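S.K.: Input sequences plus hints: build the corresponding full structure.
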Amino acid sequence: MNDQINTNSVEAQARRDFLKTGALVVGATLAPGVLFYGVAHSRAPEEAASSDKRYGLLIDTTKCGNGCNDCVTACNTENGLSGETGPQDSQWIRKVDIKDLRTGYVQSLPMMCQHCENPPCVDVCPTSASMKRADGIVLVDRHTCIGCRYCMMACPYKARSFVHEPLTDQNPEVPRGKGCVESCTFCVQRVDRDEQPACVEACNKQGHGAMIFGDLKDPESELNKALKSASSIEVRADLALNTGVRYQGI
Amino acid sequence: MAQEHCTNQGECRTGQFITLLALGGLVILGALYAFFTLEHHGHVLTGMNNQVVWGLPHVFAVFLIVAASGALNVASIGSVFGKDVYKKRAPLSGMLALALLAGGLAVLVLDLGRPDRLIVAMTHYNFRSIFAWNMIFYNGFFAIVGLYLITLMDRNLKGWSKPVGYMAFFWRLALTTATGSIFGFLVARAGYNSALMAPMFIIMSFAYGLAIFMVVQSSMYYWNGLVLDDGVRRRMKNLLAVFVGASLYFTVVFHLTNLYFAKQWDFERFILLDGGIYTQIFWIGQILLGGIVPLILLFMPRTQDAQKICFCFLAPLLVILGGLAQMYVTIIGGQAFPMQMFPGHEVTSTFYDGVVAQYNPTVYEWLLGIGGVGITFVLTVIAVRAFKFMPQDDFHVLQMRRSTD
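Top line first, the protein sequences correspond to chains A and B. Here the first sequence stands for residues 1 to 250, numbered as in my numbering. Here the second sequence stands for residues 1 to 405, numbered as in my numbering.
Rather than coming from a laboratory, the hints here were simulated on the basis of the structure. All values reported here derive from a predicted model rather than from experimental measurement. For every residue, glycine included, the Cβ atom is placed at its ideal position computed from N, Cα and C. Any given hint could turn out to be false.
Some, not all, of what chain A presents toward chain B, calculated at C-beta under 8 Å [what the hints assert, rightly or not]:
id, residue
1, Pro-87
2, Lys-95
3, Asp-97
4, Val-124
5, Cys-148
6, Met-153
7, Ser-161
8, Pro-166
M.R.: As structure tokens, this is what we get:
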């Protein structure tokens with residue numbers, strides 16, 4: 001009799017252990033996903049970009065490494081650019097060295113599409129291929145760009161490139177094509193996964209921390225806090241384009 | 001039947017006609033070769049790059065488009081302002097306008113990065129874009145001027161030529177305003193960004209269009225062994241001189257305005273003093289050969305025979321050359337000058353910031369650009385052969401009017 005009771009309690013114990021382990025396994029499997037969803041709120045592919053956000057970038061030129069080209073290299077790798085710098089090669093981001101003619105003070109800074117609120121490239125595009133997403137990211141629709149290059153004439157930042165020859169080995173996430181105009185997309189494919197643009201990630205990895213990417217409409221974002229802490233400028237502020245990219249230290 | 005088709009030529013010179021067509025056809029074939037080669041290999045074969053994005057094809061295209069609206073001016077002076085001598089020339093003027101626009105637009109389209117998507121340009125309109133408005137104006141120009149030609153050439157519709165002529169006149173003003181504004185609306189670059197671009201393009205279109213009209217008219221008279229009436233020639237000579245003078249005036253005002261603004265000094269120094277090829281083309285091509293020399297030729301007292309050559313061929317040809325020079329300086333020079341993102345700073349980068357952009361047109365660009373002229377030429381040759389475009393002057397009336405002038 002005692003033996004039977006012992007056997008039953010052993011079986012019950014085994015069942016409890018099984019259930020406990022099972023619950024732990026299931027929990028361990030699901031929890032990161034649930035947690036990740038809760039933290040990230042990543043946008044589903046079918047969900048449209050929201051005007052509740054406006055993506056922006058702050059560049060602190062005092063932290064930007066003179067001679068450092070990591071942001072450019074990261075952009076080229078992420079977006080499948082060759083990295084060549086001939087007159088006909090695409091460059092979505094470039095390092096610009098500026099020297100004050102009166103004082104001789106030298107600075108280095110990255111220059112790319114400034115993702116303007118009132119982008120001249122979008123205004124002039126005859127087919128609306130050049131467009132601004134609801135969240136402020138300025139893009140080119142590869143399906144309706146006819147390659148007239150009027151947007152390149154209109155951009156005050158020389159941010160756009162024309163694809164002069166057929167391309168191979170493209171990044172499937174970043175389709176490009178001969179005869180179309182292209183420019184920095186803020187790595188929209190990464191942003192839609194709640195990741196940072198490749199250039200920003202590379203800059204942080206290098207330890208410079210010269211670039212802060214975020215939501216200009218979120219008062220609590222690191223970007224907004226940094227913008228409130230020190231004065232910043234827009235390049236060619238005289239044009240009143242309200243750029244999404246701002247600079248500190250110039 | 002064959003004789004009917006030769007009415008405008010005075011006599012049937014089919015051999016020469018076919019030779020002209022063949023020459024024009026060869027030029028068009030060259031343009032098609034360039035187009036298909038670029039379509040296959042990309043614009044890597046051109047001299048255009050990410051700094052100078054509009055090159056020689058655009059120089060020819062914009063020149064032809066601007067000249068198209070100007071060529072129509074002869075008809076407008078007849079229909080809108082009621083001048084009889086110009087009324088007789090209205091059909092030729094309208095036809096030339098269509099041929100020039102066709103040539104210019106062909107170059108513009110063949111140079112697109114994705115010419116296969118032309119249908120997209122016809123179905124997706126961004127009404128904030130002056131480029132999109134231009135497409136509407138160009139297509140409308142074909143329709144309205146086509147209609148205008150019908151009213152001019154169909155006896156039963158003659159009465160409509162005045163109202164349709166008015167419409168064509170205002171349409172062409174809108175079209176050239178829009179073409180000039182392609183550059184005038186560009187805030188980014190020092191060479192453009194001026195409301196003066198639109199009226200300046202209009203006045204230049206008068207000069208370029210009339211010059212082309214005079215060359216074509218003189219060629220037709222020469223082909224038929226006829227001599228243009230002195231009175232008509234004097235009138236057109238004076239009109240061309242007024243337009244060339246006005247173009248020079250606008251050029252002076254444009255640069256004077258820039259010289260008044262400190263931020264534009266570097267650009268003005270580039271165009272007027274140390275811009276190398278652009279400075280040379282500006283002074284020698286646009287101002288001297290395209291402006292001052294034609295004015296001297298038009299006004300210098302000469303013998304009767306010398307006048308014919310100067311007035312009817314040489315002066316207008318120089319105005320055309322000057323027009324191409326002006327477009328080169330405006331379009332290429334405006335892009336070659338570095339964009340000023342950081343005033344007061346010396347700027348360098350791997351993307352050619354802060355330096356004058358290099359541009360050397362390749363043979364493909366020449367073939368495309370001259371192909372546009374070829375299209376205009378072939379269309380004109382066929383049109384004057386098949387229809388009555390020869391100005392039908394009533395010389396008796398002209399003689400009478402001259403004696404009372």
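S.K.: None of the hints should be skipped; say for each whether it holds.
M.R.: Tested hints:
1. With its C-beta approaching chain B no nearer than about 4 Å, A/Pro-87 sits inside the 8 Å limit, and its interface hint holds.
2. Of the supplied interface hints, the one on A/Lys-95 holds, with its beta-carbon coming within about 6 Å of a beta-carbon of chain B, less than 8 Å.
3. Annotation: A/Asp-97 was flagged as interfacial toward chain B, and the flag holds, the nearest CB pair being 5 Å apart, inside 8 Å.
4. At its closest, the beta carbon of A/Val-124 sits 5 Å from a beta carbon of chain B; the interface hint therefore holds under the 8 Å criterion.
5. Of the supplied interface hints, the one on A/Cys-148 holds, with its beta-carbon coming within about 6 Å of a beta-carbon of chain B, less than 8 Å.
6. For the restraint placing A/Met-153 at the interface with chain B, the shortest Cβ-Cβ distance is roughly 6 Å, inside the 8 Å limit, so the hint holds.
7. The interface hint given for A/Ser-161 holds, since its Cβ lies 5 Å from the closest Cβ of chain B, which is under the 8 Å cut-off.
8. About 6 Å separates the beta-carbon of A/Pro-166 from the nearest beta-carbon of chain B, less than 8 Å, and the hint is met.
When each numbered hint is compared with the structure, no violation occurs for any of them.
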